[in-house]
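Q: Once you have looked at the hints, place chains U, Y, P, D and S on chain Z.
Below are the chains, spelled out letter by letter.
6 protein chains.
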Amino acid sequence: MRPSGRAPDEMRAITIEPHFTRHAEGSVLIGFGDTRVLVTASIEERIPPWLRGKGEGWVTAEYGMLPRATHTRGQREAAKGKQSGRTQEIQRLIGRSLRAVTDLKALGERQITLDCDVLQADGGTRTAAISGAWVALRLATNKLLAAGQLEKDPILTQVAAVSCGIYQGNPVLDLDYIEDSGADADANFVLLADGKIAEAQATAEGATYDEEGLLRLLRLARIGCTRIFDAQLKAVG
Amino acid sequence: MRPSGRAPDEMRAITIEPHFTRHAEGSVLIGFGDTRVLVTASIEERIPPWLRGKGEGWVTAEYGMLPRATHTRGQREAAKGKQSGRTQEIQRLIGRSLRAVTDLKALGERQITLDCDVLQADGGTRTAAISGAWVALRLATNKLLAAGQLEKDPILTQVAAVSCGIYQGNPVLDLDYIEDSGADADANFVLLADGKIAEAQATAEGATYDEEGLLRLLRLARIGCTRIFDAQLKAVG
Amino acid sequence: MRPSGRAPDEMRAITIEPHFTRHAEGSVLIGFGDTRVLVTASIEERIPPWLRGKGEGWVTAEYGMLPRATHTRGQREAAKGKQSGRTQEIQRLIGRSLRAVTDLKALGERQITLDCDVLQADGGTRTAAISGAWVALRLATNKLLAAGQLEKDPILTQVAAVSCGIYQGNPVLDLDYIEDSGADADANFVLLADGKIAEAQATAEGATYDEEGLLRLLRLARIGCTRIFDAQLKAVG
Amino acid sequence: MRPSGRAPDEMRAITIEPHFTRHAEGSVLIGFGDTRVLVTASIEERIPPWLRGKGEGWVTAEYGMLPRATHTRGQREAAKGKQSGRTQEIQRLIGRSLRAVTDLKALGERQITLDCDVLQADGGTRTAAISGAWVALRLATNKLLAAGQLEKDPILTQVAAVSCGIYQGNPVLDLDYIEDSGADADANFVLLADGKIAEAQATAEGATYDEEGLLRLLRLARIGCTRIFDAQLKAVG
Amino acid sequence: MRPSGRAPDEMRAITIEPHFTRHAEGSVLIGFGDTRVLVTASIEERIPPWLRGKGEGWVTAEYGMLPRATHTRGQREAAKGKQSGRTQEIQRLIGRSLRAVTDLKALGERQITLDCDVLQADGGTRTAAISGAWVALRLATNKLLAAGQLEKDPILTQVAAVSCGIYQGNPVLDLDYIEDSGADADANFVLLADGKIAEAQATAEGATYDEEGLLRLLRLARIGCTRIFDAQLKAVG
Amino acid sequence: MRPSGRAPDEMRAITIEPHFTRHAEGSVLIGFGDTRVLVTASIEERIPPWLRGKGEGWVTAEYGMLPRATHTRGQREAAKGKQSGRTQEIQRLIGRSLRAVTDLKALGERQITLDCDVLQADGGTRTAAISGAWVALRLATNKLLAAGQLEKDPILTQVAAVSCGIYQGNPVLDLDYIEDSGADADANFVLLADGKIAEAQATAEGATYDEEGLLRLLRLARIGCTRIFDAQLKAVG
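Residue numbers (UniProt numbering), protein chains in the order written: chain Z, 1 to 237; chain U, 1 to 237; chain Y, 1 to 237; chain P, 1 to 237; chain D, 1 to 237; chain S, 1 to 237.
If we strip away everything but chain Z, and leave its shape as in the complex, we get (with noise of 0.2 Å):
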């Protein structure tokens, strides 16, 4: 039994308020249950130096936690003067996923940056990002489309992700906070609309695990992702 009393392959209430902002090209509220992040999109008409001439263009992100998202209030990391290697490696994996979708030829050269800040935390505020980051995108690049910036469109498919874990010895698709605190295993999962993976990561914490417990993680990272995926065509319109 979950301690939401959630199925084991039961999504939480997935939101998605398109527009939540309104200086960004695109912005998104997005919520898996009780975790909510706002992602915007910016486009800027200039790339990384190390790209400069190549004729194309850069998808990056951003990530932060405010410091009362969580249960207990964590230091603000602009008053630490650093990020921490999680938020870094969260920041890496975001951007990863959104550039696995685009193609950045046809982007042309300019640079999209998804800042996902999680305005609330209980628990997938990485693949509650990855999810929203794709509204954003999908958002922002519409309106270079309308405004006949670009000859071809630069997102290739959908993207989204999504945690699961070995809970209590048993599979579970997107954890919460109590699961999360408490899981054996711990895997996220960045899917294709196509059905391909573009990034799956499954860490043992408690207990290490096996292949068979890999590939059942990986089907029920299936199941929620077909959800996301509906969720995310019926905010883009």
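Warning: the hint list may mix true and false statements.
Which copy is meant is left open, so a pair is good if it fits within one copy or across any two.
As the list claims (entries may be wrong) - Quick list of in silico lysine-lysine cross-link-like pairs, DSSO-like style, CA-CA up to 30 Å:
no.	residue 1	residue 2
1	Lys105	Lys80
2	Lys54	Lys80
3	Lys234	Lys196
Honestly, the hints are just simulated from the structure, not real lab data.
A: Just chains U, Y, P, D and S, lined up with the frame of chain Z:
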């Protein structure tokens, strides 16, 4: 004529959504027009080292702006590795303003941190932050009172803040971004519900001003803060 | 009765020693009683990146306090690896104050940096710094004028600053450290020789104040700045 | 055909030189082909603050790369003043991997730090680091056991890691730098001697992959880790 | 012929103004010609953690240069966020030099920090700093002795420092900035009043030197330090 | 009697293993007894900004110590976020020493960086680093000469360094860690093969020394460097 069509002494719509997030002891999303600031109040049963043994508490604030809260994306302070002078100046002002209405002895040996994060900026982020911080502080203190952890209410009165300025020669209340960018003088007033002034800051930008100008700005501020005091009371029930 | 025996509207002795160091284009050691600040003005034939191509110059300031300028030794900011919020707030104030009397177009594409370093502190370091910075700026600009590098004098008028406060219920001028530590309210005014106000900042410390209190402090500031304007003129000959 | 002429399931030469330096409690120079990592295990009789009083120990890792370990010189992280996101991600992975085979209660209130410094890089530095770290940890723990400082061996089993990837359409084992730079997918597996998985990370670079691809990479990893387990045992005698 | 017209073994004017600032336990403004360094000695009744329980004290130094102490403005180290290698090298040298004449046991469990801030630079700032630091240390220790806080004088003898160099083929004493910039070799000697050497540092710049050259520089240093010892004694009365 | 049983003028075993790593243009593992330093020389076809347009090159050095090179583990400088004063002092010394034997004009507009990383420390790491750096620089320069990229050999002569000290009253050569920790005086000499001195640094630790002491240390250094010059020549063939 103001760009927004408002009268000189007209505030933008004030929106206060209490309990916006669930982990913090107090939480509010406050809006002054398109400016939206999320404020959380976190109670911690520890005090700064220099206060130990004095039998009193502390109220402090931190301020941040999401990178794309603004028209063009700003660099994330956590990534830059330091908070700007502007950020530090604002968070010092917020902390002083809330301490002006708090009986630190009555609070006992605990610290309340007010995290003010700007989700969307359109002028007046520091004044919205102060005004919202009072609500978050009130909600958090109510919890302590309800739980019997305080003998006496440490909140002495309400505090609110509003910006005023001289725009195209005329004193106006609650400047939005367009007015703020072009104002000749720019002032922030922090006022208490009993009519006292906690803080007055008036800066000449393009043109300097005189005593009469300063007083006219202060009078506008009184009009604005009256509106904010009402909205605060409605929000905390 | 003030601890120093001064009348409420009495400034401490103002001492201005121009040309205190020899390398800077302008240099002054200014004293307000025991507060002593060394200010240098450095002219550089380059401007900040965001000003390029606009045909105007920039005036900026940096502020520091020697570790043992104070009663007990403070940590050296260079060793700590960052400037405090207080330092940044002060240097932003000094820069704004001096720009309020400078015609940046007339200055041409060059930058003048005012380095204000407190050798000894006894209250009012920021106001002494602003008042001394005007002298250093005037001396440096005189060199440019004498060398024919400017067509027109970019200094529009004099600027000076002084602190006022409510000490034991009475408004007093130019607080020293003892008064400053115990004041109920603490204000800094930056005034121009033509009577205009460049900046007014009044903060309630123990007790809040009202409109009448604010005006009384401003009137004291006018008395003090008149004395400083005289001393500045005498110093620059 | 692989650039090195190796068969798809062929590891590079594994070299393990124990006791490479003399001060550390455990020390090893491990080579996977031209990749060479110096790992030391340092025992300290103190634990991180958050573990105090729990009666258990901690195993952690730090990772670094000498500036000219690579084909072109990289900036020294100590000179830059911060560790890159990649460095932090890797050292977190190494720490987790070694903790997966350590009984922290049995270790007692002490910390073992595994310093992994890459002297020469040719792909697979993190997997060589993990594999070598087990040897250093084993040697250090042996010293504690020999000195009678432990009642029970805290090392539960062996852990090793290897990279796999899809290179020009084919799954291959233990990628060198040339393969790594051009791989379509890149995976790292951390496996235990009992067949369990401690960590699986598979990232699509150019092309995404599917479930079958993931399993083929995992099978290659099992082949590689079997070879590493043998070499580890030989090294620790 | 030296640019200043001085004889090869001629020091610049040595000026020592004790009690230059009033808060520090010891304070002095020392000048070697146009080089002027403000040194304060601060006594604190605490010692570094690694000295605790050993029954002895510590003498340490910090060094800084005001941004416009030099011909062209240098960046403020507090603003840059770190002290340069040169700064750190100099403050380590000053600390060692003063400890060479201090009986740390006799000082008891307290720390004396010597802050050396260069107000104006014209070569030889580190040697002026060391020579002035002795005066500040002597004045501060006199206070402790007068207050009966020390049983025994911890100052064993005088210490002074001077630079020498080979300029246009000739050994010269106490280089000013012009000579320093063009010298073939540059040496700093820290000597005790009893004739012993605390520190000798000789660096070839353009041309290397030999044993005879080293000895000739040392002999010049003896001449210079004799002059400084006299000036120190006169200053402390 | 020295702890190691060596004669006062006896060096430890000098081992020089050229080509220790393969990517760098020059690379060497140098040992002075148990002290082992890996030095790489990296050639880059760019120069520091302040050298541009002068038609000459630059030789610089960086120094680091692996955290467990020492008896007890030290904090990793990259993790701490800054290099210690000691590190910076040493790398400045190494750079100066190598530039003393390099004709920067003949090198052309390129930079050679000498990375000196201490794998194991037992006293004398900076002198081993300098002595090894010459070998790495020689090897790298040989490559440029062989490739016809230089018209003239920029290496003017050999440079080597050794430490000397007064240990229990006796001048001794090449101090190991035990001697270094207990020495009364500690000196480092950087000598050229033609007999000239590039750098002499002698510091009194417990006891000060006199002119005769300084000369005796220098004579020991000459003996040691002669041995190092031989080993260098053998290593570069």
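Q: Each hint needs a verdict: does it hold in this structure or not?
A: Hint check results:
no.	hint	result
1	Lys105 to Lys80	between (38 Å within a copy, 29 Å between copies)
2	Lys54 to Lys80	between (37 Å within a copy, 27 Å between copies)
3	Lys234 to Lys196	within (22 Å within a copy, 41 Å between copies)
In summary, the structure agrees with every hint in the numbered list given earlier.
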